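Enquirer: In case you want the letters, here they are:
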Amino acid sequence: MKLVRDTWLVFSRQMTLVLRNPIWIIVGLTQPLFFLLLFAPLLRPLFGDDAYQIFIPGLLIQLAIFGTMFVGFALIAELRQGVIERMRVTPVSRLALLLGRCLRDIVQLLVQAVALVLLAIPFGLSVQVENLLLTLALLAIIALLCSAVSYGIALALRSEDALGPLVNAVSVPLLLLSGILLPLSYAPGWLQNIADLNPFSWAVTAARELFAGNTGADTVWQALLIVGTIAFAGVAWAARAFARGIR
Amino acid sequence: MIQTRGLRKSFRTRQGLVEAVRGVDLDVKEGEIFGFLGPNGAGKTTTLRILSTLLPPDDGEAIVAGADLRREPGEVRRRIGYVAQGGGTWDEVTAREELVMQARLYGVSRAEAKQRAAELISAFQLESFADRKCRTYSGGQRRRLDIALGLVHRPRLLFLDEPTTGLDPQSRAHVWDEVRRLRDEGMTVFLTTHYLDEADALCDRLAIMDHGTIVARGTPNELKREIAGDVITVGVTGAGEQVLKLFEAEPYVRDLEPVGDRLRLYVDDGATAMPRILRVLDDAELSLASVELHRPSLDDVFLHKTGRSLRDEAA
Numbered sequence: 001m002k003l004v005r006d007t008w009l010v011f012s013r014q015m016t017l018v019l020r021n022p023i024w025i026i027v028g029l030t031q032p033l034f035f036l037l038l039f040a041p042l043l044r045p046l047f048g049d050d051a052y053q054i055f056i057p058g059l060l061i062q063l064a065i066f067g068t069m070f071v072g073f074a075l076i077a078e079l080r081q082g083v084i085e086r087m088r089v090t091p092v093s094r095l096a097l098l099l100g101r102c103l104r105d106i107v108q109l110l111v112q113a114v115a116l117v118l119l120a121i122p123f124g125l126s127v128q129v130e131n132l133l134l135t136l137a138l139l140a141i142i143a144l145l146c147s148a149v150s151y152g153i154a155l156a157l158r159s160e161d162a163l164g165p166l167v168n169a170v171s172v173p174l175l176l177l178s179g180i181l182l183p184l185s186y187a188p189g190w191l192q193n194i195a196d197l198n199p200f201s202w203a204v205t206a207a208r209e210l211f212a213g214n215t216g217a218d219t220v221w222q223a224l225l226i227v228g229t230i231a232f233a234g235v236a237w238a239a240r241a242f243a244r245g246i247r
Numbered sequence: 001m002i003q004t005r006g007l008r009k010s011f012r013t014r015q016g017l018v019e020a021v022r023g024v025d026l027d028v029k030e031g032e033i034f035g036f037l038g039p040n041g042a043g044k045t046t047t048l049r050i051l052s053t054l055l056p057p058d059d060g061e062a063i064v065a066g067a068d069l070r071r072e073p074g075e076v077r078r079r080i081g082y083v084a085q086g087g088g089t090w091d092e093v094t095a096r097e098e099l100v101m102q103a104r105l106y107g108v109s110r111a112e113a114k115q116r117a118a119e120l121i122s123a124f125q126l127e128s129f130a131d132r133k134c135r136t137y138s139g140g141q142r143r144r145l146d147i148a149l150g151l152v153h154r155p156r157l158l159f160l161d162e163p164t165t166g167l168d169p170q171s172r173a174h175v176w177d178e179v180r181r182l183r184d185e186g187m188t189v190f191l192t193t194h195y196l197d198e199a200d201a202l203c204d205r206l207a208i209m210d211h212g213t214i215v216a217r218g219t220p221n222e223l224k225r226e227i228a229g230d231v232i233t234v235g236v237t238g239a240g241e242q243v244l245k246l247f248e249a250e251p252y253v254r255d256l257e258p259v260g261d262r263l264r265l266y267v268d269d270g271a272t273a274m275p276r277i278l279r280v281l282d283d284a285e286l287s288l289a290s291v292e293l294h295r296p297s298l299d300d301v302f303l304h305k306t307g308r309s310l311r312d313e314a315a
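So the sequences go chain by chain: A and B.
Under my numbering, the first residue of the first sequence is numbered 1, with each subsequent residue one higher.
Under my numbering, the first residue of the second sequence is numbered 1, with each subsequent residue one higher.
Note that these hints are calculated values from the structure, not bench results.
Being a predicted model, the structure only gives us computed values, none of them experimental.
Heads up, a few of these hints could be off.
[Said to hold, decoys possible] Counterexamples of contact, computed for chain A against chain B with all Cβ distances above 12 Å:
hint: 1; residue: 8
hint: 2; residue: 49
hint: 3; residue: 90
hint: 4; residue: 97
hint: 5; residue: 114
hint: 6; residue: 131
hint: 7; residue: 166
hint: 8; residue: 192
hint: 9; residue: 198
[Said to hold, decoys possible] Here chain A is said to cover these stretches of chain B; the calculated rule only asks that three of the stretch's residues, wherever they fall, bring their Cβ under 8 Å from a Cβ of chain A:
hint: 10; stretch: 14-24
hint: 11; stretch: 44-55
hint: 12; stretch: 73-82
hint: 13; stretch: 93-101
C-beta atoms are modelled at their ideal positions from N, C-alpha and C, and glycine is treated no differently.
Input sequences plus hints: build the corresponding full structure.
Expert: If you want it as structure tokens, here you go:
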């Protein structure tokens with residue numbers, strides 16, 4: 001009960017900060033918008049009218065990963081500002097300090113994801129509501145994983161200069177091995193085998209199935225299970241980092 | 001209110017092990033303003049952070065506000081307020097919002113939190129800016145809010161880490177008034193400072209810290225009395241060791257210390273010693289650049305105990 005209450009308190013404050021500077025939600029949308037406007041048309045000759053149906057689900061997963069991988073920067077700024085120290089001397093739950101922030105990141109991501117889907121509809125995208133909701137659930141789990149890990153790493157490094165290159169070094173291969181830009185069915189066998197180890201490539205495949213209307217496809221529950229398990233482990237690790245680092 | 005025995009803390013750095021706190025024993029009484037005076041890096045902040053549960057000690061025992069620091073840190077947290085040196089507020093929210101949230105973090109209901117925020121805003125005279133964003137505050141306004149934030153849960157003991165560092169004289173005086181008001185209401189205040197005048201004017205009792213240990217303790221007057229009599233500082237052009245030797249043998253000089261190119265002489269009575277000192281210098285045919293007679297200050301106490309001047313280090 002106390003955890004829920006404290007998480008809500010931390011989340012409300014974080015949302016207040018976001019809403020007083022909503023420009024960041026729009027800035028976060030610019031990169032996927034560029035992909036939508038400047039890259040997706042290249043796929044038309046390859047996939048015809050299905051181009052957006054194939055590309056948008058991948059773009060949503062990319063948004064979920066890249067939109068939340070860098071949230072650790074904000075935590076480092078808060079550590080420097082002293083607000084974390086001020087929370088530390090209160091009896092507030094340490095896990096709530098983490099979860100409240102992750103929840104803010106998830107909400108922010110979901111707003112961006114819905115905006116991106118709405119913007120893509122004029123280009124010919126179509127998706128059923130229940131499949132969109134399942135995709136959003138998948139995105140929320142990915143956002144929870146990436147933001148928790150980002151906070152955990154930020155707490156360990158405590159330096160923006162170290163965090164940026166590290167997150168880039170991890171996220172670029174994850175992106176390339178996920179089939180976001182082009183489906184991995186075009187990849188040579190060895191590359192496909194490596195990509196199978198990337199949980200996000202499962203997520204991308206699942207999102208494509210959902211946008212194709214195959215709600216019952218095996219990859220959908222498999223992706224939810226795989227990403228969910230890893231997210232649980234990621235949150236557990238970050239929670240430990242929070243409990244130790246800001247005891 | 002605070003009792004500690006043998007508190008220790010060391011940090012591993014690239015240069016090796018740094019012993020920041022080396023066996024600190026403290027007794028802080030209820031309802032007093034207790035000051036920790038020392039230069040930067042003396043271990044004041046580290047001790048304060050240990051006592052406010054932010055750092056676990058390597059060794060030693062402490063009872064803080066009636067709770068055992070090592071066994072019941074959660075209980076200590078509920079009973080103390082802590083205000084960090086740099087404060088800690090978000091730029092984009094208002095003082096009122098910060099106060100309400102801080103109270104809520106201690107488990108207070110929303111209505112009660114609003115009530116307490118209003119009380120603190122009036123007690124600390126924050127009305128004129130309480131509903132403006134923190135980004136717009138002056139250093140003094142921000143510091144008053146920081147202190148108010150440390151009090152939302154009505155603690156009996158308040159820790160203030162360098163509460164007036166970086167403030168203009170008027171804001172400093174304002175913070176001093178607030179601290180005295182809190183003491184008069186029954187609060188125990190434990191603060192660190194590297195300002196001598198602050199320790200002297202504000203603290204009921206203080207401990208002087210240097211290199212991780214307490215080198216002296218008592219009321220400001222007791223500490224000054226330890227250096228009985230007066231202090232005469234003479235500056236002599238073009239003579240170092242020579243001057244020191246001249247006065248070592250003089251019976252009315254209780255103690256002497258060279259400080260830079262000047263010499264400090266501790267004497268029982270400045271009025272009678274002064275002419276004799278001048279005569280000695282005259283006989284040695286040395287010309288006097290400056291001479292100064294003053295009542296001992298806490299700086300003299302610090303210098304006497306550590307051999308270094310606090311003023312030089314704090315600058």
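Enquirer: Checked against the structure, which of the hints given earlier come out wrong?
Expert: Violated hints (numbers, rising): 1, 3, 4, 10; every other hint is consistent with the structure.
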